[in-house]
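These protein sequence lines map, in sequence, to chains A and B. When you number the first sequence by this note's numbering, it's gap-free, plus one each residue, and the end is 57. When you number the second sequence by this note's numbering, it's gap-free, plus one each residue, and the end is 382.
Take the hints with a grain of salt, since some may be wrong.
To be verified - Facing chain B, a subset of chain A residues (Cβ under 7 Å, in silico):
id : residue
1  : Thr9
2  : Ala13
3  : Met14
4  : Asp24
5  : Thr35
6  : Pro36
7  : Val39
8  : Leu41
9  : Ser43
10 : Ala46
11 : Ser47
12 : Phe51
13 : Gly53
Stated by the list, open to error - Calculated lysine to any residue pairs in the SDA-like style (CA-CA distance at most 20 Å, straight line):
id : chain 1 : residue 1 : chain 2 : residue 2
14 : B       : Lys309    : A       : Met4
15 : B       : Lys22     : A       : Leu15
16 : B       : Lys312    : B       : Pro373
Calculated from the structure, these hints are not laboratory results. Just so you know, even glycine gets a beta-carbon here, dropped at the ideal spot from N, CA and C.
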Amino acid sequence: MTRKLTASIAMLLIAGLIVTDYIVSPPNPYQTPSIVALGSGAASAGGFCGALPD
Amino acid sequence: MTAVADQSDFQASTKRPYLKRTGLILAALATVFVVALLVGIRYALMLSVGLGFGLVLEGLRFGFAGPWRAMILRRDPSGIFAQLFAIAIVTVVALPLIQASGGELIGAQAPVGFAMVAGAFVFGIAMQVVLGCGSGTLVNAGSGNPIGLLALPFFALGSFAGAWNLIWWTDLGSLPIITFDGWSGVAITLSLLAAVAAVLWRLAPTGQWSVPGRYWIAALIIAALALANLVIAGQPWGVVYGLGLWAAKGATLVGADLSGSAFWAASESAERVQSSLLNDYTSLTNIGIMAGAFLVASWRLNGFSQKLPKLPMRAWVATIIAGFLLGYSSRLAFGCNVGAFFSGISTGSLHGWVWFAAAFAGSIYGVRLRPLLGLEARQP
Numbered sequence: 004m005t006r007k008l009t010a011s012i013a014m015l016l017i018a019g020l021i022v023t024d025y026i027v028s029p030p031n032p033y034q035t036p037s038i039v040a041l042g043s044g045a046a047s048a049g050g051f052c053g054a055l056p057d
Numbered sequence: 003m004t005a006v007a008d009q010s011d012f013q014a015s016t017k018r019p020y021l022k023r024t025g026l027i028l029a030a031l032a033t034v035f036v037v038a039l040l041v042g043i044r045y046a047l048m049l050s051v052g053l054g055f056g057l058v059l060e061g062l063r064f065g066f067a068g069p070w071r072a073m074i075l076r077r078d079p080s081g082i083f084a085q086l087f088a089i090a091i092v093t094v095v096a097l098p099l100i101q102a103s104g105g106e107l108i109g110a111q112a113p114v115g116f117a118m119v120a121g122a123f124v125f126g127i128a129m130q131v132v133l134g135c136g137s138g139t140l141v142n143a144g145s146g147n148p149i150g151l152l153a154l155p156f157f158a159l160g161s162f163a164g165a166w167n168l169i170w171w172t173d174l175g176s177l178p179i180i181t182f183d184g185w186s187g188v189a190i191t192l193s194l195l196a197a198v199a200a201v202l203w204r205l206a207p208t209g210q211w212s213v214p215g216r217y218w219i220a221a222l223i224i225a226a227l228a229l230a231n232l233v234i235a236g237q238p239w240g241v242v243y244g245l246g247l248w249a250a251k252g253a254t255l256v257g258a259d260l261s262g263s264a265f266w267a268a269s270e271s272a273e274r275v276q277s278s279l280l281n282d283y284t285s286l287t288n289i290g291i292m293a294g295a296f297l298v299a300s301w302r303l304n305g306f307s308q309k310l311p312k313l314p315m316r317a318w319v320a321t322i323i324a325g326f327l328l329g330y331s332s333r334l335a336f337g338c339n340v341g342a343f344f345s346g347i348s349t350g351s352l353h354g355w356v357w358f359a360a361a362f363a364g365s366i367y368g369v370r371l372r373p374l375l376g377l378e379a380r381q382p
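Same shape as in the complex, but just chain A (with noise of 0.2 Å):
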């Protein structure tokens, strides 16, 4: 057995959180934020390692 084995696994895995993810919490294509955080006016909302709930 390769690495062929293993990436290959890597990518199912990735592929089937995605459609599964897809398919229980589908994105909303008509409410997307503007193209780029800089100059869009929004405060930054996205969640990070650094963040603690309010």
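Starting from the known structure of chain A, arrange chain B on it as the hints suggest.
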């Protein structure tokens, strides 16, 4: 798979590599296009940034755990010099930009505390045990490293569990968030980076090291991508939050109740667990890193030819435990080598510097522990 099958695959790929490579490029472009169409252009851009990180980290063999190991074992500071160089570039652009953005951009700023320091120390140990940090574990998994592949799901579970208890740990004692802002922050950060570089240079054997060209190139591209991450998403490059979110989504899917956690029950966390994973910037860059590493390994004519290692059982058990600890400890430490060390320092957070010191101390023990756990044949 048999040796004969491996041989025929290799011969087929060497005969028509351009077909395979064209297919890889088209697949990557098509994926980004589909995300732009179904999710939004900003999210497609973030996936592209993640792909870029993966391509550079795997393609130029640039990382974090490996260079720290080289410094500890051989006093070779070349890889860390490249890391410091990349951080310096981001600092010069990011700090003034964040200050002028009026809240559109935020830094990776977090408090220093008891749990934060202990978390960084444990992360340093664990990342040397599996020889993969936050980004490194993603790259390793994407390129077919079985250690990285096994560690990754436990990393995600650990991140979820660490976030679950984060408020309790933080309440043990933390300073207020201390930051170096604007141009004065640039001056302070560059001075500290230069001081660290000077110490490493003094520790290195005279004339025994040089920074390879690929490291300088990788550092420049990584810095550009990190700045793109900040400008597009409004937040710096991170890894750990996204992994914890994946586990939280999985837990919810199987019926787990997250209301018992102050972190996951908070309104913004609950909203992100309910939202699409493709709306989460950290998840998108994480996916991109894995896919980018896979693309590079596929692009190489013998990228997947390496046989899987035959390791003792204790090595696999150690990988599972270390993977979990990577996730748990990095939530307590407010980030991994990416979110705390790279992004924390480059966006002016004191916790990035404290993380660096604590994780490097932990790495010294991790390097010693790795051979004892059967993860390498040769003693350091």
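Hints and how they fare:
1. A distance limit of 7 Å between C-beta atoms decides the matter here; for A:Thr9 the minimum to chain B is near 4 Å, and the interface restraint holds.
2. Using the Cβ-Cβ criterion of 7 Å, the hint placing A:Ala13 at the interface with chain B is satisfied: the shortest such distance is roughly 5 Å.
3. About 6 Å separates the beta-carbon of A:Met14 from the nearest beta-carbon of chain B, less than 7 Å, and the hint is met.
4. Annotation: A:Asp24 was flagged as interfacial toward chain B, and the flag holds, the nearest CB pair being 4 Å apart, inside 7 Å.
5. The criterion of a C-beta within 7 Å of any C-beta in chain B is met by A:Thr35, whose closest approach is roughly 3 Å, and the hint holds.
6. Hint status for A:Pro36 relative to chain B: holds, with the closest Cβ pair at about 6 Å, below 7 Å.
7. Hint on A:Val39 holds. Least Cβ distance to chain B is approximately 5 Å, under the 7 Å limit.
8. Checking A:Leu41 against chain B: minimum C-beta separation of about 5 Å stays under 7 Å; hint holds.
9. With 7 Å as the threshold, the beta carbon of A:Ser43 comes within range of chain B, its nearest partner Cβ sitting at about 6 Å, so the hint holds.
10. Look at A:Ala46: its Cβ gets to within about 5 Å of chain B, closer than 7 Å, so that hint holds up.
11. Given the 7 Å rule on beta carbons, the hint for A:Ser47 holds: about 3 Å separates it from the nearest Cβ of chain B.
12. Residue-level restraint check for A:Phe51 holds (minimum Cβ-Cβ distance to chain B is 5 Å; threshold 7 Å).
13. A hinted interface residue such as A:Gly53 counts as satisfied when its beta carbon comes closer than 7 Å to some beta carbon of chain B; here the least separation is about 4 Å, so the hint holds.
14. Taking the CA atoms of B:Lys309 and A:Met4, the gap is about 6 Å. The hint holds against a cut of 20 Å.
15. For a cut-off of 20 Å, the pair hint linking B:Lys22 to A:Leu15 stands: about 19 Å separates their Cα positions.
16. Between B:Lys312 and B:Pro373, the direct Cα distance comes to roughly 14 Å. Compliance with the 20 Å bound is thereby established for this hinted pair.
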